[in-house]
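Trainee: Listed below are the residues making up each chain.
Protein chains: 2
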Amino acid sequence: GKSSLLNAITRQQVSIVAPDAGTTTDPVEKPMELLPLGPVLFIDTAGLDDVGALGELRVKKTLEAFDRTDLAILVAEGGQWGEFEEQILAELASRQTPVVVAFNKADLAEPPPDRLKALRARACPSVRTCAKEGQGLQELREALIAAAPEGFIENPAIVGDLVGPGELAVLVVPIDKAAPKGRLILPQVQAIRDLLDSDAMCLVVKERELRAGLARLVRPPKLVVTDSQAFLKVAADTPAEVPLTSFSILFSRFKGDLVAQVEGALAIDDLKAGDRVLIA
Amino acid sequence: GKSSLLNAITRQQVSIVAPDAGTTTDPVEKPMELLPLGPVLFIDTAGLDDVGALGELRVKKTLEAFDRTDLAILVAEGGQWGEFEEQILAELASRQTPVVVAFNKADLAEPPPDRLKALRARACPSVRTCAKEGQGLQELREALIAAAPEGFIENPAIVGDLVGPGELAVLVVPIDKAAPKGRLILPQVQAIRDLLDSDAMCLVVKERELRAGLARLVRPPKLVVTDSQAFLKVAADTPAEVPLTSFSILFSRFKGDLVAQVEGALAIDDLKAGDRVLIA
Chain X
1 GKSSLLNAIT
11 RQQVSIVAPD
21 AGTTTDPVEK
31 PMELLPLGPV
41 LFIDTAGLDD
51 VGALGELRVK
61 KTLEAFDRTD
71 LAILVAEGGQ
81 WGEFEEQILA
91 ELASRQTPVV
101 VAFNKADLAE
111 PPPDRLKALR
121 ARACPSVRTC
131 AKEGQGLQEL
141 REALIAAAPE
151 GFIENPAIVG
161 DLVGPGELAV
171 LVVPIDKAAP
181 KGRLILPQVQ
191 AIRDLLDSDA
201 MCLVVKEREL
211 RAGLARLVRP
221 PKLVVTDSQA
231 FLKVAADTPA
241 EVPLTSFSIL
251 FSRFKGDLVA
261 QVEGALAIDD
271 LKAGDRVLIA
Chain C
1 GKSSLLNAIT
11 RQQVSIVAPD
21 AGTTTDPVEK
31 PMELLPLGPV
41 LFIDTAGLDD
51 VGALGELRVK
61 KTLEAFDRTD
71 LAILVAEGGQ
81 WGEFEEQILA
91 ELASRQTPVV
101 VAFNKADLAE
111 PPPDRLKALR
121 ARACPSVRTC
131 AKEGQGLQEL
141 REALIAAAPE
151 GFIENPAIVG
161 DLVGPGELAV
171 LVVPIDKAAP
181 KGRLILPQVQ
191 AIRDLLDSDA
201 MCLVVKEREL
211 RAGLARLVRP
221 PKLVVTDSQA
231 FLKVAADTPA
241 EVPLTSFSIL
251 FSRFKGDLVA
261 QVEGALAIDD
271 LKAGDRVLIA
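Taken in order, these protein sequences are the chains called X and C. With the working numbering applied, the first sequence covers 1 to 280. With the working numbering applied, the second sequence covers 1 to 280.
Warning: the hint list may mix true and false statements.
Intra- or inter-copy, both count: the list cannot distinguish identical chains.
[Said to hold, decoys possible] Straight-line distance between alpha carbons at most 30 angstroms, and here's what the computed DSBU-like set of lysine-lysine pairs gives:
1. 60 - 272
2. 30 - 255
3. 132 - 177
4. 181 - 117
Keep in mind the hints are simulated off the structure, nothing from the lab. All values reported here derive from a predicted model rather than from experimental measurement.
So that you can see chain X by itself, here it is in the shape it has in the complex:
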């Protein structure tokens, strides 16, 4: 049931579907784009009612997958709902993970009305699907988007707000031996995209070409962003009046609490010999 539904949502054959229950052993991971959420990783797990030595291993793997889950789909087969489904729902509730219940194989049986009522009482959304016939998939996608944690749809800006529409940032991207072949690392790509989303533009250069790049501009950029490893060289080549920062600082602001971090850094000056520091 689960595997068929995952195949239908991702429109790909991602795992073996056999008529026997219990075919899934390893959690099968399937990355896909679910707009407007963005990149998501579907993890198709085994259940929690597995027995035997291999069964225990499967249950452990399933619970590990639960720990990594931001949003769960509980697949219940048509009319069936029992201890097993309640156990999964309880596990997810203890983790405060939002859940969408999919009553799959809706062509074979209707979900029990008392169960639908109980789910509504818990504010747990449910949809009827039939993976085989391709029914209810759009409803399921919409329910997932509605149930997703808020931050998953609207993200704060990475750098675009510091540059502004029609303005230009210079991104300094050193290429070292550890760089992935033929591509850029994700924070660099995200910064470029964020600038474009803000109607800004960017000049992308290696640290060695920064001087030549700045010389190509009619007027200085609004901001220079560099990889931390090139900070000193880039600082030397950046005009004093142009603000300079690093991808690390931008992503500290994006993902963390930059103000607290700056206060923490400033507090270092007040430390006296023998003070104890908690680094958490």
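Since the structure of chain X is already known, use the hints to place chain C on it.
Mentor: Structure of chain C alone, referenced to chain X:
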């Protein structure tokens, strides 16, 4: 055996490892970076000697995985080599897929000398590994890199050769609703990286900001590259003396036979009513 070795190479726990043979059902896929090859996808398959209804499905999945394999690791357990290993080697040979044989569990048994001799006679490289102890992994990585098809290490340029060191290209990247959230599509990222690898630089803009971007430059760029969907608008905003192309054309040159494609396009003019066209 195979799963342990895959975990050791990828330094991650990617699939259930149980003491019983036959634990692997679905081929487990693990993307990783294997420099200097670049991004690779490891596919951990079941064997070819599986029996029963589910067994047949596994064999089918394994053969499908073989079809997608550019480079194979045949994992033989220490001293063991038989019909099974020969069958896999024959399957791979029929596909002209390069193979590296890993004699795993080398702590338990030595590979049979006549087998090593036979593999050498076929010019098939082999290494001894012990996934548990972490032995032979570096040798295995090196053997894989040596056995990889030539084009996997050195790639032709995408765009850098058209721009040149110290020069600048403008990349026009429209953002439509189908774009992946918060990122760029791979050909755009690859073009940026290729320019940096060629000591060139690039200005990245949306089609709406192209005019403003060009106005920021002291002198015109060496090349403008646009997404095909914006070609007409970009052509109107690009100075007549600046060459203009699209990501699609660049990647036709990179991955295909651009000259043949251009000749094909030119041949359209010679077609007469009733001519038959083979589109292959």
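Trainee: Starting from the hint list further up, note which numbers the structure goes against and sort them upward.
Mentor: Numbers 1 and 4 - these are the hints that the structure violates, sorted from lowest upward.
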